[in-house]
Structures are given as structure tokens and as C-alpha cells.
Amino acid sequence: MTAFRTDWGTISFDDRMATSEFRIHERAHIVVDGDACRGCSTQECVVACPARLFVPTSDGGVLFNYEQCFECGTCYLVCNTKGAISWNYPEGGHGIVFHQT
Amino acid sequence: MAERSTDFDAIVVGAGPAGSCAAIELARAGKSVLLIERGPFPGSKNMYGGVVYPRILDELIPQWWEEAPIQRWVTRRSTMIMTPTQALTIDFRSQNWAAPPYNGATAYRPDFDHWLANKATDAGAQLLCSTVVTGVLRDSAGNVTGVRTDRPDGDLTAKVVIACDGVNSFIAKEVGLYGKADASNYTLGVKETLALPKETIDERFGVRGREGVDIEVVGCTEGVNGGGFVYTNLDTVSLGVVLKLPKLAAQKKRPEEIIASFKKHPAIAPLIEGAELKEYSAHVIPEAGYKMFPKLVGPGLLVAGDAAALCLAAGIWLEGVNFAMASGMYAGRAAAQALTRGNTGPDGLKPYLTMLDTSFVLKDHQKLQEIPHLVLSDRVQNQYPGFIANIVERMFRVDNPTPKPGLRRILLEERKRAGIRWRDLLRDGRTGMKGFG
Ligand SMILES: Cc1cc2nc3c(=O)[nH]c(=O)nc-3n(C[C@H](O)[C@H](O)[C@H](O)COP(=O)(O)OP(=O)(O)OC[C@H]3O[C@@H](n4cnc5c(N)ncnc54)[C@H](O)[C@@H]3O)c2cc1C
Ligand code: SF4
Ligand code: SF4
Numbered sequence: 001m002t003a004f005r006t007d008w009g010t011i012s013f014d015d016r017m018a019t020s021e022f023r024i025h026e027r028a029h030i031v032v033d034g035d036a037c038r039g040c041s042t043q044e045c046v047v048a049c050p051a052r053l054f055v056p057t058s059d060g061g062v063l064f065n066y067e068q069c070f071e072c073g074t075c076y077l078v079c080n081t082k083g084a085i086s087w088n089y090p091e092g093g094h095g096i097v098f099h100q101t
Numbered sequence: 102m103a104e105r106s107t108d109f110d111a112i113v114v115g116a117g118p119a120g121s122c123a124a125i126e127l128a129r130a131g132k133s134v135l136l137i138e139r140g141p142f143p144g145s146k147n148m149y150g151g152v153v154y155p156r157i158l159d160e161l162i163p164q165w166w167e168e169a170p171i172q173r174w175v176t177r178r179s180t181m182i183m184t185p186t187q188a189l190t191i192d193f194r195s196q197n198w199a200a201p202p203y204n205g206a207t208a209y210r211p212d213f214d215h216w217l218a219n220k221a222t223d224a225g226a227q228l229l230c231s232t233v234v235t236g237v238l239r240d241s242a243g244n245v246t247g248v249r250t251d252r253p254d255g256d257l258t259a260k261v262v263i264a265c266d267g268v269n270s271f272i273a274k275e276v277g278l279y280g281k282a283d284a285s286n287y288t289l290g291v292k293e294t295l296a297l298p299k300e301t302i303d304e305r306f307g308v309r310g311r312e313g314v315d316i317e318v319v320g321c322t323e324g325v326n327g328g329g330f331v332y333t334n335l336d337t338v339s340l341g342v343v344l345k346l347p348k349l350a351a352q353k354k355r356p357e358e359i360i361a362s363f364k365k366h367p368a369i370a371p372l373i374e375g376a377e378l379k380e381y382s383a384h385v386i387p388e389a390g391y392k393m394f395p396k397l398v399g400p401g402l403l404v405a406g407d408a409a410a411l412c413l414a415a416g417i418w419l420e421g422v423n424f425a426m427a428s429g430m431y432a433g434r435a436a437a438q439a440l441t442r443g444n445t446g447p448d449g450l451k452p453y454l455t456m457l458d459t460s461f462v463l464k465d466h467q468k469l470q471e472i473p474h475l476v477l478s479d480r481v482q483n484q485y486p487g488f489i490a491n492i493v494e495r496m497f498r499v500d501n502p503t504p505k506p507g508l509r510r511i512l513l514e515e516r517k518r519a520g521i522r523w524r525d526l527l528r529d530g531r532t533g534m535k536g537f538g
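Going line by line, the protein sequences match chains A and B.
Using the numbering used here, the letters of the first sequence correspond one by one to residues 1 to 101.
Using the numbering used here, the letters of the second sequence correspond one by one to residues 102 to 538.
Calculated from the structure, these hints are not laboratory results.
Do not rely on the hints blindly, as some may be mistaken.
Stated by the list, open to error - Calculated Cβ distances over 10 Å to all of chain B for the following chain A residues:
1. Asp15
2. Arg23
3. Ser41
4. Ala48
5. Asp59
6. Glu67
7. Phe70
8. Pro90
Said to hold, decoys possible - Mimicking DSSO-like on lysine-lysine, the simulated pairs with C-alpha atoms at most 30 Å apart in a straight line are:
9. B/Lys281 with B/Lys354
10. B/Lys281 with A/Lys82
11. B/Lys274 with A/Lys82
12. B/Lys353 with A/Lys82
13. A/Lys82 with B/Lys379
14. B/Lys299 with B/Lys392
15. B/Lys392 with A/Lys82
16. A/Lys82 with B/Lys396
Just so you know, even glycine gets a beta-carbon here, dropped at the ideal spot from N, CA and C.
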């Protein structure tokens with residue numbers, strides 16, 4: 001008996017993100033204070049951000065890139081460190097654009 | 102309040118289902134209304150699981166089904182209880198839902214929201230896209246007098262502002278209508294839009310023409326409290342999971358990994374085999390219902406839809422769009438009446454609360470107020486699926502030469518094995534009955 005093929009489902013995270021349209025504005029709408037993050041033991045944003053935009057660094061901080069952001073709000077909701085994330089929507093007309101959602 | 106001259110009678114923030122319905126009501130009542138949307142077009146920022154229940158539109162758009170951008174009409178609803186190796190499905194089908202006035206329908210939000218916003222402009226509302234409302238304007242007494250936008254000279258004044266700005270609801274927060282934000286009131290939804298030929302979908306899901314399927318799943322989220330869904334569109338399948346925020350972070354499981362394991366389950370894999378990922382999306386849901394409502398009326402301000410946490414997330418029901426459309430409609434109606442009376446202060450706007458109270462919006466929430474918590478509880482999430490699936494498995498298992506144990510014994514043994522206390526089982530049963538019964 002052959003199992004149902006499930007290997008077709010495996011695509012790289014970059015390819016996954018490439019299926020969403022982002023109209024990137026040059027100004028970052030979310031700014032993360034790396035210093036605040038160095039003292040953070042849980043780093044919940046790293047696990048929870050659906051776009052995987054928070055990347056832990058070797059010195060215990062996180063690196064953040066705003067470009068492929070769904071503007072969902074998960075990161076500021078899970079972050080317990082006051083002032084670590086300053087969160088805004090991107091400029092009007094920019095950021096994520098959904099199509100078949 | 103003394104009459105002051107303003108740019109508009111009313112400003113509605115957010116052209117989602119709540120905002121567009123508010124704008125339709127106001128425009129039809131002859132008020133000047135501006136509908137502001139931060140996306141390049143209405144719906145461009147919006148994703149959801151995939152099924153709308155548009156019955157409430159009967160009041161606003163008679164025969165809406167003849168023109169709404171619907172993918173499929175849901176004629177088959179399944180609820181699935183899953184463990185890594187088992188699945189129990191309750192599958193219901195009704196051909197009564199295949200013809201007007203229908204029940205649920207799958208639709209893409211960028212299509213649906215865009216269509217609904219066009220109804221508002223048809224009625225005379227002005228729509229301003231690609232514009233972010235960055236805050237509210239207030240007079241010295243604290244009354245909301247308009248909004249600030251990210252456009253040059255972007256201040257706009259109105260006698261009443263309706264915040265339909267969705268789950269993050271920065272306006273309601275700025276005006277102080279919310280208590281302290283608590284991440285455990287929210288779930289993250291992630292979804293894949295998966296492409297398959299229409300005939301393949303029809304065949305695998307057992308439907309024809311415009312008929313569609315809605316499958317809700319519990320027990321498929323790898324120990325992170327939440328649930329899964331599979332919905333059919335014409336030539337795509339929407340598949341995703343919703344995950345309770347603090348749990349997701351604590352379990353150290355990534356959202357896309359949980360989707361991947363859900364897709365590999367033997368009850369799901371055959372449905373979507375070979376499908377290509379067309380679009381990946383994510384959004385947050387206000388999940389706690391009744392327990393997290395903000396104040397819905399402020400000075401010169403009304404809050405509707407997800408901005409007011411009015412989404413109903415009660416396990417077998419994930420209804421937000423209909424609650425948004427209804428609350429938006431009532432907010433628009435109450436605002437129009439207040440404008441006509443010339444009193445847009447808190448007591449002038451208060452009839453909004455009565456409208457919500459006497460409609461399904463608050464009645465459903467009230468009745469189901471314990472359910473969101475029950476559905477996301479550790480027992481329902483991690484213990485009951487295995488308990489129930491094992492009972493069924495043993496009922497159907499033929500253990501010859503051992504005689505059949507009988508349901509009573511199976512129940513006792515499985516309860517013990519699952520480590521469920523009678524007390525909890527009874528209490529959860531009662532809570533469920535109170536909400537659903
Ligand atoms: C994963 C998931 C699955 C779901 N499944 C279902 C389902 O199957 N059925 C169902 O009925 N509901 C479902 N829901 C819930 C439903 O999506 C919401 O309840 C509904 O979208 C709420 O409508 P709304 O108009 O209140 O807010 P939204 O649809 O969020 O619209 C808010 C609008 O305001 C705009 N906006 C926000 N801030 C600003 C600003 N500052 N300036 C200008 N514009 C702004 C946004 O761009 C957006 O267009 C689901 C939700 C999720 C996340
Ligand atoms: S953003 Fe918040 S949760 Fe993430 S690492 Fe920094 S402090 Fe921690
Ligand atoms: S808003 Fe959502 S997608 Fe954007 S960085 Fe935060 S968690 Fe990630």
C-alpha cells in the first residue's frame with residue numbers, strides 16, 4: 001500500500017512568503033529595540049510571528065526586518081517587554097495586499 | 102452639543118464588512134459620510150477562514166445572492182475530532198442550502214469586501230483608500246471631533262466617528278474604551294490558499310456545481326490550543342489553523358509547521374494531494390467574545406465589528422463577518438438617528454447598545470459567553486479528542502475471540518485512561534449544554 005503523497009507540501013519558507021504580495025514602503029512601520037530584546041528570556045515573537053521576521057542573534061538579541069509583514073499584531077500582543085516593539089501600520093496603500101483570502 | 106460645521110456628518114474608519122455596512126446606512130439616511138481604508142482597495146488587508154453567513158444583508162441588499170462575489174454555497178458541514186492517528190467526523194449535508202436564500206457561502210475577502218464597499222459608494226458614501234487613520238481629533242472636553250490621517254493636511258472633522266478598524270482597534274484603545282490588552286484573548290489564524298482543478302475538488306469533496314464544503318477540526322494543532330479548517334472555493338481550497346497566542350509561543354511550534362502536520366493527517370492529505378500553494382496569509386482573531394468587549398460607545402464615537410471584539414468564536418461557529426456587518430449596520434443607523442436629532446453625545450448615541458442588545462449580536466454572545474473559553478480549554482483540546490476517538494475505535498473494533506466489552510465498560514476505562522475527572526466532564530457538559538442547548 002502506498003501512503004498518500006505529502007511531500008509536495010514541503011516548500012521553503014522563502015517560497016511560501018513569495019506567494020503573498022507586499023508593497024514595501026521604504027520606511028519601517030515596526031521598529032524593534034534590540035537592546036530591550038537582549039534581556040528577554042522568552043523571545044515569544046521568534047516562534048509566533050507567522051512571517052518569521054524575528055531572527056535570534058548569537059548575542060542573545062533579535063534581528064527584525066519589517067518588509068514581509070502581514071500586519072497581524074501577533075508580535076506586540078505576545079511581547080511582554082514594554083517598549084521593545086513600536087508598532088504602526090505601514091503608509092496608506094503599502095504593505096500586505098491579499099487576493100484569494 | 103452645539104452644532105459645529107464639519108467636513109462630514111460621519112467618518113467611518115475601515116472598509117471591512119462593519120465599516121461598509123455602517124456607511125451604507127448613513128448614506129441612505131442622507132448623511133454625508135466618508136469611509137476611510139488604509140489598503141489600496143477594500144478587502145486588500147483582510148483574510149479569514151472562508152465562510153460568510155450573509156443573511157443579515159437581507160435588510161440592506163435584497164437578493165444579495167444574485168450579485169455577491171460568492172465562490173460556493175456551503176451544502177456540507179463537517180465537524181472532525183482528530184488525534185494523530187484517528188479522526189471522527191460528523192458530516193451533515195443539506196440541499197436546502199443549495200438554493201436561495203442559502204445559508205453559508207465561501208468567498209474571498211478581497212472580492213467580498215470590495216463588493217460591499219461599492220454598495221456604500223453606490224448609496225452615496227465617499228470612499229478614500231490608501232489612507233491610514235493615525236489617531237482621533239478631540240475637543241477640550243474629550244469629545245471625538247474627527248480623525249487624523251497620514252495624508253498631507255490629513256485632519257478631517259465629523260460629528261460622529263465610527264471605528265470599524267478591525268481587531269487591533271487602535272482608535273478604541275486611544276479613546277480608552279478597552280481595558281488592558283491580554284494576549285490570551287486572541288488567536289492567530291494562518292491559512293494556505295491551495296490550488297486544485299475544480300473537477301478534482303468536486304470529486305474529492307463530493308459536491309457539484311457551486312456546492313461547497315466546510316470542515317472544522319479540533320485536535321489538529323499539535324497541543325497548541327486552537328483548531329483547524331478546510332473550506333472549498335471554486336478552484337482552490339482554504340486550509341488553515343487558529344492558534345491561541347500565549348500557547349503558541351510557549352509550545353515553541355511555528356504556525357507553518359502546525360499547518361504542515363495538519364495537511365499530512367490521513368484524513369486531510371487525500372483531499373489536498375498535489376495542490377499548489379497560491380497564497381499564504383495570517384491575521385489575528387479576537388477570540389474571547391463577551392469577556393473582552395470594550396465600551397461600545399464613546400463621546401462622538403461608536404465601535405463595531407472586530408474593533409469591538411464582536412467576532413463569535415465558539416468552536417463549531419466561527420462567525421465574524423456577519424457580526425461585523427450587523428453591528429456596523431446598527432452603528433450606522435444609530436449614528437444617523439443621532440445626527441438627525443442633533444445629539445451625537447454619548448446619550449444620543451446610546452440607542453446603538455439597545456439595537457445590539459435586542460438583536461442576535463449580543464444575544465448570541467450572551468448565550469455563548471462560556472463557549473470560547475470551553476472550546477480552547479486544555480481538556481477539550483488535548484484530552485477529549487483522544488477520549489472520544491478511542492471510545493469509537495473500540496466500539497467498531499472486533500476483538501474476537503474476546504467478547505464485546507459494551508459501551509459502559511469502554512467509557513469507564515477510557516475515562517480513566519484519558520485521566521479525565523467525572524467532575525470536569527460533568528461541568529464541561531453542563532457549560533456546553535448551557536451555551537449550545
Ligand atoms: C483566520 C481567521 C478565520 C476566520 N474565519 C471566519 C469565517 O470563516 N467566517 C466569518 O464570518 N468570520 C471569520 N473570521 C472573522 C472575520 O474575519 C472578522 O470577524 C471580520 O473580518 C470582522 O470585520 P470588521 O469589518 O470588523 O474588521 P476587518 O475585516 O478587519 O476590517 C477592518 C478594516 O479596517 C481597515 N483599517 C484598520 N485600521 C485602519 C486605520 N487606522 N485606518 C484606515 N483603515 C484601517 C483595515 O484595512 C480593514 O479593511 C475569521 C478571522 C480569521 C483571522
Ligand atoms: S520583541 Fe519582545 S518578545 Fe521579542 S525578543 Fe524582543 S522583547 Fe522578547
Ligand atoms: S505584525 Fe505579524 S507578521 Fe508583522 S512582524 Fe508582527 S507578528 Fe510578524
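Here's how the hints hold up against the structure:
no.: 1; hint: Asp15; in the structure: 8 Å, violated
no.: 2; hint: Arg23; in the structure: 7 Å, violated
no.: 3; hint: Ser41; in the structure: 12 Å, holds
no.: 4; hint: Ala48; in the structure: 5 Å, violated
no.: 5; hint: Asp59; in the structure: 21 Å, holds
no.: 6; hint: Glu67; in the structure: 15 Å, holds
no.: 7; hint: Phe70; in the structure: 4 Å, violated
no.: 8; hint: Pro90; in the structure: 8 Å, violated
no.: 9; hint: B/Lys281 with B/Lys354; in the structure: 27 Å, holds
no.: 10; hint: B/Lys281 with A/Lys82; in the structure: 13 Å, holds
no.: 11; hint: B/Lys274 with A/Lys82; in the structure: 17 Å, holds
no.: 12; hint: B/Lys353 with A/Lys82; in the structure: 22 Å, holds
no.: 13; hint: A/Lys82 with B/Lys379; in the structure: 37 Å, violated
no.: 14; hint: B/Lys299 with B/Lys392; in the structure: 42 Å, violated
no.: 15; hint: B/Lys392 with A/Lys82; in the structure: 24 Å, holds
no.: 16; hint: A/Lys82 with B/Lys396; in the structure: 25 Å, holds
In summary, the numbered hints that this structure violates are 1, 2, 4, 7, 8, 13, 14.
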